[in-house]
Amino acid sequence: MIKKNAKDLDNNFRFEISKKIGAKSLLNCIQCGVCSSGCTVTEYVDMQPHRVVASCLLGLKDEVLSSQAIWTCSLCHRCTERCPKGVDYSFILALLRNLAVKEGNIPKEYSDTIRTISKNGFVIPYTGGMKITIDRRRDKMGLPKIITPNLDEINFIIKETGLGDLIKEDNKKEVKK
Amino acid sequence: MEYALYLGCTIPLRFPHFEYAFREVANILDIQFKEMKGSSCCPDPVATQSLNIDTWLTLAARNLAIAEKMGLDVMTICSGCFETLKTTHVLLKENNEAFDRVNLVLTKIGYEYKGTSKVTHFTELFSQEAMLEKIKNVILRPLDDLNVAAHYGCHLIRPSKIMQFDDPERPESIDTILKVLGANTIKFASKLECCGYCARLNEDIGFKLVEEKMSELNKLELEVDAMVAVCPACVSQYDRKEKLLSRKTGKELDIPILFLPELMAIAFGIEIDKLGLKNRSVKPMKLIEKLKT
Ligand code: SF4
Ligand code: SF4
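Protein chains in written order, with the working numbering: chain A, 31 to 207; chain B, 841 to 1133.
It is possible that some hints are incorrect.
[Claimed, not checked] Listed below are several chain B residues computed to face chain A (Cβ distance under 8 Å; list not exhaustive):
#1 Leu853
#2 Arg854
#3 Asp884
#4 Pro885
#5 Leu891
#6 Thr895
#7 Ala1029
#8 Glu1043
[To be verified] Listed next, the in silico SDA-like pairs over lysine to any residue satisfying Cα-Cα at most 25 Å (straight line):
#9 Lys1118/B with Met160/A
#10 Lys161/A with Arg854/B
#11 Lys874/B with Asp169/A
#12 Lys877/B with Leu95/A
#13 Lys161/A with Arg1120/B
#14 Lys933/B with Phe1005/B
#15 Lys138/A with Arg854/B
#16 Lys1123/B with Arg167/A
#17 Lys161/A with Arg863/B
#18 Lys170/A with Phe873/B
#19 Lys874/B with Arg168/A
#20 Lys1001/B with Lys161/A
#21 Lys948/B with Asp195/A
#22 Lys909/B with Leu173/A
#23 Lys115/A with Lys1083/B
#24 Lys54/A with Val930/B
#25 Lys50/A with Gly89/A
#26 Lys954/B with Gly63/A
#27 Lys138/A with Phe1047/B
#28 Lys874/B with Met171/A
#29 Lys1083/B with Glu139/A
#30 Lys50/A with Lys948/B
#31 Lys877/B with Asp182/A
#32 Lys1031/B with Asp182/A
#33 Lys54/A with Lys1130/B
#34 Lys115/A with Leu95/A
#35 Lys976/B with Gly1022/B
[Unchecked claim] FRET-style restraints, in silico, Cβ to Cβ:
#36 Glu1043/B with Ser96/A: 50 to 60 Å
#37 Lys1114/B with Thr72/A: 38 to 48 Å
#38 Asn180/A with Glu937/B: 19 to 29 Å
It is worth saying that the hints were derived from the structure and are not from the lab.
Where is the CB? At the ideal position from N, CA and C, for every residue including glycine.
Turn these sequences into a full structure, and let the hints guide you.
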């Protein structure tokens, strides 16, 4: 690990995180390691859950936000479930990903999803030939017609909440990990 | 009993036969639905939440606002939708600031989120005492010759402070339903393991998790006729990866994966051929033969 001077630490990082929705609990961590021992992906990450939490508390912002660990999670919520101090690690992870996204660090798998939602209202393409095939299949089973959401509303929400850049056609922001 | 039926995306668009089985079962059990017109993707708890929690909560609150206008609680048929909508419901109740932020956006497009509609998953409804009694009374084809493994998946029960349903470490709801259908349910070590579908950036994780669970079930002394799950992501993950793993390793993994409502539909006497079980990668031919006798 690279040695850091105290002045390179971001002392505000833990507060930046802990004031966000669902992440107040960060400050309670006692470094027991329960989260890491039950983590579904623990052997696949470059930094285990309790280490990520410690790094946030220490202010190692760049290390955390550029780690692969924050993206390699199966969202099983076992960390949050079992933490004896009520640290909501799986939510804190989502928040850390949000912060990484703001810095332009976005795996393509993720940005593709929001673009699909922007174009279809769903995470599965439902236009043109796809729509015809899906409708035909549903008709055959006697299932009701799909009523698509108003896409202007969906895109308004996406833009107002800060993801407008990601749904622009010409966006070059994402970085493939 | 009436609900606003929230279908999500994956089931209606990719696995409509799951929806068919669910509707048939609900109909037999006398559960009424109104369709949620204009609802969108829940949105998915993996990508959307990771990109921006506010986008996730606001799109979810828009969906919930549609149900609120109908004056009904929301029925979900996918654990991912259940997670997103229930988490939104709980978080926005606890956090006034987020509640206001969400509504500030929603009012501009003519919606208001109040938090009045509760969110449920069919497993929760079907495992209630009164419903189990009802289920007992409509069974035409008891499943007493079947050994069935239950897969709970993660989002149905965790984190328990949000989902507030069943026991997060020792869940029983699916097993209870299976037992009422007559099936013999199986105890196994990897029962609560994740399917790995949401670990998007590394497919090895999913392969490892699927292999572990399915190998364990294959090694048991008694023959497992099927595994059931209550989420389309779990069903498709095990089904597809079992097939791919068999091809890759030469070791046959052939336990069919069923969506719980499919097995209920069979027990309720719905024609098996109408259920689309043959679309599975792991074809449940042995199971179908057994069921037809
Ligand atoms: S389980 Fe909780 S208290 Fe223990 S190391 Fe993990 S986050 Fe910290
Ligand atoms: S939610 Fe993610 S970080 Fe937490 S235990 Fe599961 S895989 Fe590990």
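Can you name, in rising order, the numbers of the hints this structure does not satisfy?
The structure breaks hints 7, 8, 12, 20, 23, 26, 32, 33 and 36; every other hint is satisfied.
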